[in-house]
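Trainee: Residues per chain are reported as follows:
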Amino acid sequence: DAGVTQSPTHLIKTRGQQVTLRCSPKSGHDTVSWYQQALGQGPQFIFQYYEEEERQRGNFPDRFSGHQFPNYSSELNVNALLLGDSALYLCASSLNGTDTQYFGPGTRLTVL
Amino acid sequence: AQSVTQPDIHITVSEGASLELRCNYSYGATPYLFWYVQSPGQGLQLLLKYFSGDTLVQGIKGFEAEFKRSQSSFNLRKPSVHWSDAAEYFCAVDPHTGRRALTFGSGTRLQVQP
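In the order they appear, the protein sequences are chains V and E. Be aware that the first sequence starts at 53, since it is given in this note's numbering, and climbs by one per residue. Be aware that the second sequence starts at 957, since it is given in this note's numbering, and climbs by one per residue.
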């Protein structure tokens, strides 16, 4: 049973560019959440997708957007990258109606 | 304000010694509580969770945690630490208000001495 997978593993971008990160949920899961983990800090909730719609959103600007596909996989898009966007981006999946989220290995984004 | 606090940024224990990592939360009602572990360069692995019922919960890798409502705490324990337990440990809460978003503490880095 494959767990949560994310791609790419690492990514380097420059300020002002745009980036897309991808996530495939654990088999049987239909809900995907995205978190940002800055160096030395705990993860912070960005948003959650269910039934191809954004269901909840944390305190992140509109530069952060997402999408969920019919197969439940998801993308996180960040526009106009800032140096402060450098972080580990974690995807977590769960089954709607349950309360346990399982995390992927993350994508390390470096903005130069 | 709602928050999760892990008072210890860094803890060092000797291999074979016991371990307790502290977590305190501030919410109006009892949230769902979780402990995750993160090894260097890795994602988060769920160690254990508390939703209701027995206040002492068992997890993987020999870890357990005790929920104390009176102290708003959910401390993680292990009787005998192994060198492979060296990692970052995060306490997280889900207020189950429908927001379905985990709030994490800032983490405790565990170092294990031989």
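What the hints contain is simulated information worked out from the structure, not anything from laboratory work. There could be a bad hint or two in this list.
In silico DSS-like cross-links for lysine-lysine, where the CA-CA straight-line distance does not exceed 30 Å [to be verified]:
1. V:Lys78 / E:Lys1017
2. E:Lys1005 / V:Lys78
3. E:Lys1024 / E:Lys1005
4. E:Lys1005 / E:Lys1017
5. V:Lys65 / V:Lys78
Here are some chain V residues the structure puts well away from chain E; computed CB gaps all over 12 Å [claimed, not checked]:
6. Ile64
7. Thr83
8. Tyr87
9. Gln96
10. Asp114
11. Leu135
12. Gly136
13. Gln153
14. Arg160
Not close to chain V: a few residues of chain E, all C-beta gaps over 10 Å, as computed [stated by the list, open to error]:
15. Gln958
16. Ala985
17. Gly1018
18. Ser1028
19. Gly1063
Don't be surprised by glycine CBs; every beta carbon is placed ideally from N, CA and C.
Trainee: Check the structure against each numbered hint from earlier and tell me which ones fail, lowest number first.
Mentor: 7, 8, 9, 13, 14 and 19
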